[in-house]
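K.L.:
Below, each chain spelled out in residue letters.
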Amino acid sequence: MIVLGLLELSAPNSPPLPPAVIPAMAGALEERLPVRAVLLDPLPVPPSAFDARRRQWSAPALLEAVLRSAPDGLTKVLAVTGVDLFIPMLSFVYGQAQLGGRAGVVSIARLRQPFYGLPENTPLLLERARKEAVHEAGHLLGLVHCPQPDCVMRLSVQAGQIDLKSEALCPACAARVREGLA
Amino acid sequence: MKPQWQILVVDDEEIMCESLAAWLREDGYQVDTASSGREAVELAKKTDYAIYFIDLKMPGGMDGIDTLMEIRRIHPEASVIIITAFATVDTAITAIKEGAQEYIVKPCNPEEISLLVSRIIKVKKLQRENLILRKKLARQYQFHDIISKNPRMQEILELAREVSSLRSTVLIRGESGTGKELIARAIHFSGARAQKPFIAVSCAALAETLLESELFGYEKGAFTGAAERKKGKFELADGGTIFLDEIGDIPPKLQADLLRALQERSFYRVGGTEEIQVDVRVIAATHKDLRALVEEGRFREDLYYRLNVIEIVIPPLRERREDIPLLARHFVERLSHELGKPVEEISEDAMRLLMSHSWPGNVRELENAIERAIVSCRGATLSAEDFSFLQDNGAARFRVPDNMTLAEMEKLMIEATLRRTGGNVKEAAASLGIDRSTLYEKLKRYGIER
Chain X
1 MIVLGLLELS
11 APNSPPLPPA
21 VIPAMAGALE
31 ERLPVRAVLL
41 DPLPVPPSAF
51 DARRRQWSAP
61 ALLEAVLRSA
71 PDGLTKVLAV
81 TGVDLFIPML
91 SFVYGQAQLG
101 GRAGVVSIAR
111 LRQPFYGLPE
121 NTPLLLERAR
131 KEAVHEAGHL
141 LGLVHCPQPD
151 CVMRLSVQAG
161 QIDLKSEALC
171 PACAARVREG
181 LA
Chain F
1 MKPQWQILVV
11 DDEEIMCESL
21 AAWLREDGYQ
31 VDTASSGREA
41 VELAKKTDYA
51 IYFIDLKMPG
61 GMDGIDTLME
71 IRRIHPEASV
81 IIITAFATVD
91 TAITAIKEGA
101 QEYIVKPCNP
111 EEISLLVSRI
121 IKVKKLQREN
131 LILRKKLARQ
141 YQFHDIISKN
151 PRMQEILELA
161 REVSSLRSTV
171 LIRGESGTGK
181 ELIARAIHFS
191 GARAQKPFIA
201 VSCAALAETL
211 LESELFGYEK
221 GAFTGAAERK
231 KGKFELADGG
241 TIFLDEIGDI
251 PPKLQADLLR
261 ALQERSFYRV
271 GGTEEIQVDV
281 RVIAATHKDL
291 RALVEEGRFR
301 EDLYYRLNVI
311 EIVIPPLRER
321 REDIPLLARH
331 FVERLSHELG
341 KPVEEISEDA
351 MRLLMSHSWP
361 GNVRELENAI
371 ERAIVSCRGA
381 TLSAEDFSFL
391 QDNGAARFRV
401 PDNMTLAEME
411 KLMIEATLRR
421 TGGNVKEAAA
431 SLGIDRSTLY
441 EKLKRYGIER
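Chains as they are written, first to last, in the numbering used here: chain X, 1 to 182; chain F, 1 to 450.
What the hints contain is simulated information worked out from the structure, not anything from laboratory work.
Note that this is a predicted model, so its numbers are computed, not measured.
There could be a bad hint or two in this list.
Capping the alpha-carbon separation at 20 Å, the derived lysine to any residue pairs in SDA-like fashion look like this [as the list claims (entries may be wrong)]:
#	chain 1	residue 1	chain 2	residue 2
1	F	Lys122	X	Lys165
2	F	Lys46	F	Ser376
3	X	Lys165	F	Leu115
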């Protein structure tokens, strides 16, 4: 059984994560993947990862920070943050993970309805957060994007696309994880 | 699993390269990165990437446009996406003019990149599928090593199949390089004699006495230097087929010996007294007009009729241009493997060039041209530039045989034009620049049938 550490990446001047988010993610990970989720202490985001011009945080820089602080002996770590993430080429990313690697990061900034000018909807946020956690952890297990419409590994580039897919792996992705061939 | 399409990301900023590469890897692509145009070109020489993401501004004397041009020179069909932080109309126009498939401004929406990559990959998949189907189709037109979809060639191949099981002598006529020996081999190897020897002799290559001993063998002491008894090609071909190439060049004395061997199915070795019996099928070939040689008294009429039991006339390549793409791709497939170069395709421009060339040396010339192009090619696709040595000047197209009269030339020209127009006199007259009545008069004069 793979032990996967979950931790909050907290940024100054940014509201903390709703308390139900990390437990919801841990539950989804243990339900959907052959992993045991353990909760780790929060980690402050490194200020150097902030891009003042874009007013976003660099996903690669956060990944590096997570890797540096990950406890020895822990196979994989998934960080969760409330700040908005980017990579230089793209205007934003929901998250990023090392394919088959050790660290991943998920942002809930764009999973919240207020980001789109709508009232907060906590059940919807938790549903999206569970899916994104399983999606990024799937990458950590070596899974790539899946063309199946309801597979959690399907690429989502809009919040609506996250809502359309399920939080489960399709049979083919599940088999890949089981056989360790992903 | 998705097929492993390969992508190269080129940017001098490591974080830009690595983060885009990581994002694309999550999509199942195999992604390499390069931090300069030069490094990208070196990688492109080794791998034919499906997509290249190239940053426009790069230091080191080779910017994105230079890199794009160099990569497109190596891989004319490469899909290149130019990335820039500051778009200007001028750079966009330059990039597209130089063959960039897309020009995008960073940062861009993930959806845009995702759609762009999947659209390019979809086209690549279709191209790959097309290549596989074309290869399958080519096999349909193949008879042993002969590839053609030309109706006349199909008839020839059908005839070759039919006569392969017979023992009758075959005379194959055709210009140099049309594949006369290939047809002879196909007849031999698809018939009952396939397990027996196929012996080829070029009658033009040897002097009279040498050819005689080559064909019929000699006894010890038959002439100076004949230290041992030696079997000739006829004896070596016993049970199989002897292919007598350039039969029109055979000297008169040997014509008589050959006629006897064909009639009696027996012969004497040079200097020998023992009659040797053989069971050999004879296939002869020539690029000369044997009938004309007979009329000029330079070729025995009885030998001509003995050889010409089944006649196969192979059309020159310029009269079956539809075969050029099939043959060219067949040669690319075979020769790239033989030469150990990963060339897979011929660009559209290069194919147009091949289609327009007159190929006086026929299929052999085409094969040599493909080989030469593969040797100089630096990517996976042969470009028109790789065939720059094909100088198709007028002299090559209109090679006039020795001793040809103007009337003979006119007759040939009318016949060729009629063949091209499918016997349509009106169209042929227009093409020749004469009126219809004049053409009818010439048809009558030269005894040309439509």
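K.L.:
Now tell me if each hint is right for this structure.
P.N.:
The hints, checked one at a time:
1. The straight-line distance between the Cα atoms of Lys122 (chain F) and Lys165 (chain X) is roughly 23 Å, outside the 20 Å bound, and the hint therefore fails.
2. With a C-alpha separation of about 15 Å, the suggested pair Lys46 (chain F) and Ser376 (chain F) falls inside the 20 Å cut-off, and the hint holds.
3. Pair hint Lys165 (chain X) plus Leu115 (chain F) holds up; C-alpha atoms about 18 Å apart against a cutoff of 20 Å.
Hint 1 from the list above is the single one not met by this structure.
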